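Participant: Sequence lines, in order, name chains A and B.
What the first sequence shows, in the working numbering, is residues 45 to 655, in sequence order.
What the second sequence shows, in the working numbering, is residues 2 to 166, in sequence order.
A couple of the hints might just be wrong.
Here are the simulated lysine-lysine pairs, PhoX-like style, with alpha carbons at most 20 Å apart [claimed, not checked]: (1) A/129 to A/86; (2) A/532 to A/478; (3) A/636 to A/615; (4) B/77 to A/636; (5) A/588 to A/598; (6) B/11 to A/612; (7) A/639 to A/532; (8) B/77 to A/86; (9) A/615 to B/79; (10) B/146 to A/129; (11) A/639 to B/11; (12) A/478 to A/524; (13) A/563 to A/515.
Derived by calculation from the structure, the hints in this document are not laboratory data.
As the structure is a prediction and not an experimental result, all values here were calculated from the model.
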Amino acid sequence: MMIGSRDELKAHAERFRREMAAEKKRVLVCTGPGCLANGAEKILQEFQRHAVNAVGATRTGCHGFCEVGPLVRIEPDDVVYVHVKPEDVAEIVETTLVRGEVVERLVYRDADTGAAYPKESEIPFYASQTKVALSNCGAINPDDIGEYIARDGYQALARAALDLSPDEVVQEVLASGLRGRGGGGFPTGRKWMFARQAKGEQKYVVCNADEGDPGAFMDRCIMEGDPHSVLEGLAIAARAIGADRGYIYVRAEYPIAVARMKNAARQARTRGLLGANILGSDFSFDVTIKEGAGAFVCGEETALLASIEGKRGMPRPRPPFPANEGLFGKPTIINNVETLATVPQILRRGAAWFRTIGTETSPGTKTFAVTGQVANTGLVEVPMGTTLRDVVFGIGGGVIGGKKFKAAQIGGPSGGCLPEQLLDTPLDYDSLKKAGAMVGSGGLVILDEGTCMVEVARFFMHFTQTESCGKCVPCREGTKRMLQILEKIVAGRATLDDLDILEQIAWVVKESSLCALGKTAPNPVLTTLKYFRDEYRAHIVDKKCLAGVCSAFKSYVIHPELCKGCGKCRKACPSEAIAGEIRHPHMIDAAKCAKCGACAEACAFGAISLE
Amino acid sequence: MTPVEAAQRKFERVNEIIEEHGREQSALIPILQEVQAEYRYLPEEILTYIATAMGLSVATVFGVATFYAQFSLSPKGKYVVRVCDGTACHVRHSMRVYEAIRSKLNLRDGRFTTPDMMFTVETVACLGACGVAPAMVINDEVYGKMTPEAACAIIDTLLNRDGEN
Chain A
45 MMIGSRDELK AHAERFRREM AAEKKRVLVC TGPGCLANGA EKILQEFQRH AVNAVGATRT
105 GCHGFCEVGP LVRIEPDDVV YVHVKPEDVA EIVETTLVRG EVVERLVYRD ADTGAAYPKE
165 SEIPFYASQT KVALSNCGAI NPDDIGEYIA RDGYQALARA ALDLSPDEVV QEVLASGLRG
225 RGGGGFPTGR KWMFARQAKG EQKYVVCNAD EGDPGAFMDR CIMEGDPHSV LEGLAIAARA
285 IGADRGYIYV RAEYPIAVAR MKNAARQART RGLLGANILG SDFSFDVTIK EGAGAFVCGE
345 ETALLASIEG KRGMPRPRPP FPANEGLFGK PTIINNVETL ATVPQILRRG AAWFRTIGTE
405 TSPGTKTFAV TGQVANTGLV EVPMGTTLRD VVFGIGGGVI GGKKFKAAQI GGPSGGCLPE
465 QLLDTPLDYD SLKKAGAMVG SGGLVILDEG TCMVEVARFF MHFTQTESCG KCVPCREGTK
525 RMLQILEKIV AGRATLDDLD ILEQIAWVVK ESSLCALGKT APNPVLTTLK YFRDEYRAHI
585 VDKKCLAGVC SAFKSYVIHP ELCKGCGKCR KACPSEAIAG EIRHPHMIDA AKCAKCGACA
645 EACAFGAISL E
Chain B
2 MTPVEAAQRK FERVNEIIEE HGREQSALIP ILQEVQAEYR YLPEEILTYI ATAMGLSVAT
62 VFGVATFYAQ FSLSPKGKYV VRVCDGTACH VRHSMRVYEA IRSKLNLRDG RFTTPDMMFT
122 VETVACLGAC GVAPAMVIND EVYGKMTPEA ACAIIDTLLN RDGEN
């Protein structure tokens with residue numbers, strides 16, 4: 045049914061709210077990336093099979109606490125069950141949905157204190173978060189536009205299209221101080237203002253959903269969990285600059301996000317929230333969902349535009365900036381998913397409200413994907429300026445397995461590694477830049493004492509070198525030479541001269557590359573050189589890897605007095621380097637050994653060690 | 002079916018795909034994606050055909066087809082196994098999983114596809130499933146918290162399933 049005016053939008057919101065309230069209980073099954081891989085679909089099917097009167101079971105986007113998934117939340121009780129299996133469903137239905145009691149064994153318990161937390165809002169992981177961009181994520185069925193409308197969805201677009209002039213929309217976003225959540229942190233309102241002022245009949249808005257940073261998955265979760273917030277944000281942007289056409293460029297590796305966005309656009313079109321004269325205004329707008337084809341560099345805005353145009357995704361020099369000459373040569377703004385998902389909230393609740401969260405120069409919240417060697421892996425959203433320590437040790441629960449914290453890698457291949465002494469750095473654009481890292485997309489990978497920082501630098505350089513598009517010399521050649529040197533270091537073949545050359549090349553690449561991929565590619569090297577130089581020196585001078593990771597410096601040995609001859613190591617070895625008879629000590633053939641460590645992990649008697 | 006008829010039929014489907022998307026250059030990537038979904042790779046003669054049909058140079062079409070990691074100019078196996086080597090998976094030892102699968106399928110040196118065209122084994126830079134690192138995806142199915150043993154067991158299951166058919 046079409047929604048042709050603000051009154052009709054309000055009436056629809058009322059109706060959808062009534063429909064949702066008719067369900068006495070709602071079972072929200074997380075089908076975020078983590079829970080999905082752990083079998084969330086089967087759990088949802090089980091709930092739907094056990095249908096109970098006046099209970100709705102629905103899929104939702106990511107609930108955030110991936111570590112303890114699959115997650116199931118029951119509203120309005122706010123009860124959360126963790127590590128749910130399909131065979132638990134019958135008990136949940138009987139105990140919680142029918143009798144209204146809690147299934148104690150499925151409740152989250154703190155690993156240290158053993159305290160039980162049946163309610164989501166009380167779990168420490170959630171308690172210190174502030175959800176803005178993720179406010180609907182995990183709370184609504186992403187495939188149902190009604191649930192979005194029931195939670196005041198499209199009210200912000202109504203305000204932008206009916207109450208405000210395009211200039212006033214730009215002013216509101218400017219006043220909020222919102223900065224781009226995708227990497228650079230450029231003020232969103234300023235970008236819009238430039239495109240608003242640019243001359244041209246045809247203008248475009250583009251959503252950059254090419255989330256390529258390894259270790260970041262917030263954009264995926266927003267698109268999969270709350271696709272309409274992205275559509276609404278993009279429509280508001282279009283209203284602000286005077287565009288009638290938008291593109292959402294989604295990474296090819298995210299097929300579910302593509303399907304959700306396409307479905308959301310279809311539903312919005314059916315309701316008249318996309319198309320001609322939206323809500324009875326003079327504003328018309330529609331979107332096309334474009335799928336990327338697997339190129340990290342397309343996250344760079346000019347490369348992304350080239351890719352939409354059907355070309356190789358290579359960046360071009362700026363100026364001219366896309367705000368003046370963008371897609372098909374027309375004025376274009378490109379905003380990231382999280383930025384756009386935040387925009388409707390700013391329009392609805394006002395710039396002043398937004399400024400009450402975060403810091404003076406970085407207002408609002410930021411989502412972080414907390415992963416790696418951390419106890420509570422998950423997706424979190426905190427006010428800008430929250431310290432790294434609060435995120436890693438407060439929400440994240442510290443390093444997994446009682447090991448020591450070594451570094452936090454923030455911002456992906458463009459970011460840096462921050463050591464323990466910088467744990468009190470506030471997470472905002474300016475503080476992180478000062479520390480040599482960047483907010484980037486918000487990937488936050490925790491590294492423990494067993495991580496070799498030189499190997500981490502090599503890992504990222506391998507990534508950026510592979511993804512370098514090859515257009516400009518500093519990036520194409522520089523990343524290759526840096527990778528070669530890093531490979532020499534981890535192989536124990538480097539000299540101190542190599543270290544100097546590495547640092548020199550890093551600065552040249554940073555200063556002279558064409559686009560942000562090249563300009564930021566040396567960051568992992570530069571920050572590890574700055575904070576972990578002793579590890580580089582140990583590899584070069586002492587021929588040692590302090591973390592015991594780099595295989596060039598080690599060999600695995602089976603201690604015959606401890607070996608029971610069970611054969612487990614022989615089976616675990618992927619290189620067939622272990623031989624021996626059952627119940628007799630085994631041996632490792634050093635020539636065949638790939639030094640992967642699988643044997644040591646497999647051994648139940650601690651008979652294999654690294655020497 | 003004669004070879005000529007077979008070739009005509011082959012291009013017929015490509016024609017349909019081109020008709021659906023139009024001949025603007027901005028349609029090139031979606032066309033290549035759909036063609037690849039149809040054939041599981043981009044055969045060279047079809048790339049040439051697309052170039053002619055769209056009024057683009059063959060170099061432009063090959064340039065695009067070789068630029069993006071998603072496109073493959075050689076056939077892939079029935080099961081495409083992609084082990085995630087994003088940062089979160091890497092620090093949780095994804096390469097051990099990758100090496101174990103390669104070793105199990107006897108893929109050495111520059112080989113990524115088994116001679117019987119059953120398996121292609123690759124790495125991918127982040128699936129966005131960091132919450133269950135290390136992750137692996139086979140065709141569209143995602144597997145989380147992989148170990149070398151668990152991954153090899155999954156490969157075994159697929160091998161057995163196909164052995165029965």
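Participant: Now tell me if each hint is right for this structure.
Facilitator: Against the structure, the hints:
1. A/129 to A/86: holds, 9 Å
2. A/532 to A/478: violated, 30 Å
3. A/636 to A/615: holds, 15 Å
4. B/77 to A/636: With Cα atoms ~29 Å apart, residue 77 of chain B and residue 636 of chain A exceed 20 Å; violated.
5. A/588 to A/598: holds, 9 Å
6. B/11 to A/612: violated, 51 Å
7. A/639 to A/532: holds, 17 Å
8. B/77 to A/86: Not satisfied, since the Cα-Cα distance of roughly 30 Å exceeds 20 Å.
9. A/615 to B/79: Violated, at about 27 Å.
10. B/146 to A/129: With a Cα-Cα distance of about 16 Å, the restraint between residue 146 of chain B and residue 129 of chain A holds, given a limit of 20 Å.
11. A/639 to B/11: violated, 48 Å
12. A/478 to A/524: Judged against 20 Å, a Cα distance of about 27 Å means the pair is violated.
13. A/563 to A/515: At roughly 13 Å apart (the allowed maximum being 20 Å), residue 515 of chain A and residue 563 of chain A satisfy the hint.
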